[in-house]
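Peer 1: Chains A and B are the protein sequences, given in the same order. Using our numbering, read the first sequence as starting at 39 and increasing by one per residue. Using our numbering, read the second sequence as starting at 147 and increasing by one per residue.
Hints may contain errors.
What the hints assert, rightly or not - Straight-line Cα separation of at most 27 Å, DSS-like style, residue types lysine-lysine; simulated pairs: (1) A/K170 / A/K186; (2) B/K256 / A/K41; (3) A/K250 / B/K256.
No lab work stands behind these hints: they were computed from the structure.
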Amino acid sequence: MLKNRVIPALLLKGGGLVKTTKFKDPKYVGDPINAIKIFNEKQVDELMVLDITASKEGREPNYGLIEQFAGECFMPLAYGGGIKTVEQAKRLFASGVEKVCLQTAALDNPALVTALADRFGSQSVMVSIDIKKDWLRNPQVYSASRAKVIGTNWLDLLHQLIEAGAGEVLLNAVDKDGTLSGPDLDLIQKASKAVEVPLIAVGGISSLEDIKAAINVGASGVAAGAFFVYFGPHRAVLITYPKYEELEKLLKTE
Amino acid sequence: MTNSPVYIIDTGLANIGSVARMIQKIGGAAHICNNPNAIGSNGKIVLPGVGHYDHGMEALNKHGFDAEFWDEVIKRDVPVLGICLGMQLLCRSSEEGTSHGLGLIKADVKKFRFAQEENLKVPHMGWNIVEPGVENPLIPNLETEQRFYFVHTYKVVPDDDNIVIGWANYGGVFCAAFQQKNIFGAQFHPEKSHQFGIELFSRFIAL
């Protein structure tokens, strides 16, 4: 049967890899090509690279760098950051990316999601939704590039973007980002009940048990940053990924 | 390892770069080519593809990879590996479109259909195990499991299960790979399947 995916999510800033905490305070964790080579050797299920400043700076994807990433990946690669047009996405697919991930452009212009799905198939279009909880712990949609909460109802937005053609949803719990404090299971469960397409949960993963918990409440896949790039209580940078046999044992369905 | 050229058919529909990179990685000579006249009968052919069935057939015909070309391929016994949509185009027809396929394989392409309570998502996307079918040179019977990366909404349904060289299970078993003489097809993406894909391409190159 189909396996649940466990996906390292790497954040790109100015050509280097960084790791944020609650979307702030990016810390340099290393050279992306080197990290991707290591993840390739470790045979990760899939890899995700998100350029966290492209949209903020109104910049296009760094095609040259992304092509180098794809050249090191003998597994599927998803890229997000700064994509605004069909032509840009086409260039990314030509350079070896399997999926594009949209947030800013999807919020501004859901028609782009439709245009991409029509042209390249919905399986290659992922939308990323960042959720911040307000003081009453209600989920609010957060725009990462504008660094603020926007008023749209999060479940309505999910439905709208899937209706528009998104084939996969990346659900990011902003308050959990980089904290290694466990996933927001309640959020993941609500989202996975609401959507038909595969849901990838990210934010807060700190252990194999966290991965299993997120999958048990309905995630098709789990992505993580800090868990795969930090090691130990002092957050030493060390790239790790569980062995296939470990994941197999962990995620085996009874 | 033989160094006979591997011609990757490029009709603008697939991520041919990753196929070429994997073939180069294992020491093969990959040639990306969009013109049937550039293909020599001493080599092997990979037909990758993603996207809509009708667009796939249209692109093949537009570039001259027409019935006459495939007749020659069969006659000269040139090994062919169709990947994903490429595999489906080797069949007779697809529920996805109205175009006739190449018809080299007696099979039709049908959509995954599941009862709601099965809770299975379409497309079938992610890693799945492929069990070897009839004895064949690409997917051998090994003690260790072989897993591959899939992304597809339609599946190949052959008339005769004796051409199936790999089975996968998604709400029921389906044909993940087939072989009829020199014509091979894989529904999954070996170029995105780590060592499992590398091994499969190595076996194809060694044919």
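Peer 1: Hint by hint, note whether the structure agrees.
Peer 2: Evaluation of the provided hints:
1. A/K170 / A/K186: Holds, at about 9 Å.
2. B/K256 / A/K41: Distance of about 23 Å is within 27 Å: holds.
3. A/K250 / B/K256: Given pair A/K250, B/K256 is violated - Cα atoms ~33 Å apart, limit 27 Å.
Of the numbered hints listed earlier, the single one contradicted by the structure is hint 3.
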